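Here are the chains, one letter per residue:
There are 2 protein chains.
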Amino acid sequence: MTELDIPSHDGATLETAPTRYVESRTIRFAYRRLGPATGTPLVLLQHFSGNIDAWDPAVVNSLAADRPVIAFDNAGVGRSSGQTPDNVAAMARDAVEFINALGLAEVDLLGFSLGGCVAQQIAAEHGGLVRKLILVATAPRGGEEHLLAVLQDAFSQADVPDPRLPLFFTKSSNSRASGLAFLKRTRVRSDDRDTDNGKAVTDPQAKALITWCATPDPDHEILRAIHQPALVVSGSHDTMLPADNAYAMFKQLRNAQLVLYPDSGHGALFQHHEIFVDHVRTFLDTRSTAA
Amino acid sequence: MTELDIPSHDGATLETAPTRYVESRTIRFAYRRLGPATGTPLVLLQHFSGNIDAWDPAVVNSLAADRPVIAFDNAGVGRSSGQTPDNVAAMARDAVEFINALGLAEVDLLGFSLGGCVAQQIAAEHGGLVRKLILVATAPRGGEEHLLAVLQDAFSQADVPDPRLPLFFTKSSNSRASGLAFLKRTRVRSDDRDTDNGKAVTDPQAKALITWCATPDPDHEILRAIHQPALVVSGSHDTMLPADNAYAMFKQLRNAQLVLYPDSGHGALFQHHEIFVDHVRTFLDTRSTAA
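Sequence lines, in order, name chains P and C.
Final position of the first sequence in the UniProt record's numbering is 291; the numbers increase by one with none missing.
Final position of the second sequence in the UniProt record's numbering is 291; the numbers increase by one with none missing.
Bound-form chain P, shown alone (with noise of 0.2 Å):
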């Protein structure tokens, strides 16, 4: 168990935890930090082009219940000083800086979408330091992605009053209408928002993803590198990087278990966010053991 060296702010949510700063040897870091002061931190690594203020207080604060959740910025995002690497090597190096910044010896991730192949590299790299970790909506090296497309066509449908409405839910009635209740619930919070930096991030996000996934690893050797136990989460209807990445990955891990979710997009655990709870939460609280 870890002690996070941080004042405990009991009840705070992710829409009403100071933002907080931590600097590394080459980057300022903005971050939350929600949940009881003990236990082993859960740390998020946010998709392409998404910021602190992106991910969905339901999944977090609930997550929080239980555990020190911390959400950050890595480099060049949001409110963190630097460049937006174009790589998944160097996010992960980032990565690992802020985390080796706040003081912590061990953790578990939590990766949805680009931050799941950045959680991947650092499990792969960082045995000692990474517990457990959860990859959501993700892909493995050399996996199936279709982001350029699917960008274009959310970003071509002038009627959604949010382009991660068709980037993250299905058609299905079901589907759109929890979009926008997610949507309603990442706009709660109104002051000290992050801020969205454009294409100086997305343009180097996009080509981490792209390159990752157009790198062969036919020997799986960054997925035979992680010994962690691992929760690979997916829709059943992920149109950018298809529920079929999750199952090689699954098929790949030493100690993987798979969810996969029904009619549901990229964002299948903010859809499904009650029980992608439940799910992580029986995850991370069982014993390890090693397969």
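There's no promise every hint is true.
Put simply, identical chains are the same to the list, so a pair is met inside one copy or across any two.
[What the hints assert, rightly or not] Calculated lysine to any residue pairs in the SDA-like style (CA-CA distance at most 20 Å, straight line): (1) Lys251 / Glu144; (2) Lys171 / Gln252; (3) Lys171 / Asn255; (4) Lys251 / Ser172; (5) Lys251 / Leu180; (6) Lys171 / Arg254; (7) Lys171 / Thr239; (8) Lys171 / Thr282; (9) Lys184 / Ala154; (10) Lys171 / Gln157; (11) Lys171 / Lys251; (12) Lys171 / His227; (13) Lys171 / His146; (14) Lys184 / Asp196; (15) Lys171 / Ala89; (16) Lys171 / Lys184; (17) Lys251 / Asn174; (18) Lys171 / Leu147; (19) Lys184 / Ala214; (20) Lys171 / Phe155; (21) Lys207 / Thr19.
Since the hints were derived computationally from the structure, they do not count as laboratory data.
It should be emphasised that the depicted structure is a prediction, and the values quoted were computed from it without experimental measurement.
Since chain P is already given, all that's left is putting chain C on it; use the hints.
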């Protein structure tokens, strides 16, 4: 909610509950009933060759903590009268006779292996009777099975204490230890144990399972007829009915969650019994939304 017209035995377990009998028009069914008197009953559909006492008390008793759970012998199995049919459709008819004989208007089904085929058939044909279904270590019609090869391999191993060890568990030390613990749990009950009727059960059951998988269903007629929410579960290394079956069912079912467990075989639900019960409970307790 359905109230069972059966005296409640608070605290009864699979090991201590009396075996009861109920008569349909043609069959006298043996069963045990656990858990509270109210709530949607969960009816368990057993695997090839198994009787009531082949269920894992760790799974059944935990599930019965907050819902009625009913384990029974289908026609010809254990102490139920009648002949074991050689096809899934007839097994489904017999199971529905049993459910009707108990006067239950709506049930949840948990079908394991051959019992999962029976559960699919019932759910497809009796939309109003089945609220939700859990399909564990099973196959769709036209799916992949290796029953005879795996049985032959298991029974050729002279040094195993029970064929279910190689049939249900992997060769890893963790899985094998889980298997020995499972076998021990199934042997606690000494009085009023269920009977093993040998080839009178296993011959027609083997034919039913093999025929089910040998019957092509290119349009997925059974799966597409299932409108109920489904939880599909499998072990990573199921040698009898491989996990590819589960992924295929997930993709064709209208409203399914998929959960796959690491380092586990056909008996994944017994090896990972604590996590499995958590997942079942989360699934059954979630308010259903149509896809």
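### Message
Of all the hints numbered above, which does this structure not satisfy? Sort the numbers upward.
### Response
5, 8, 15, 19, 21
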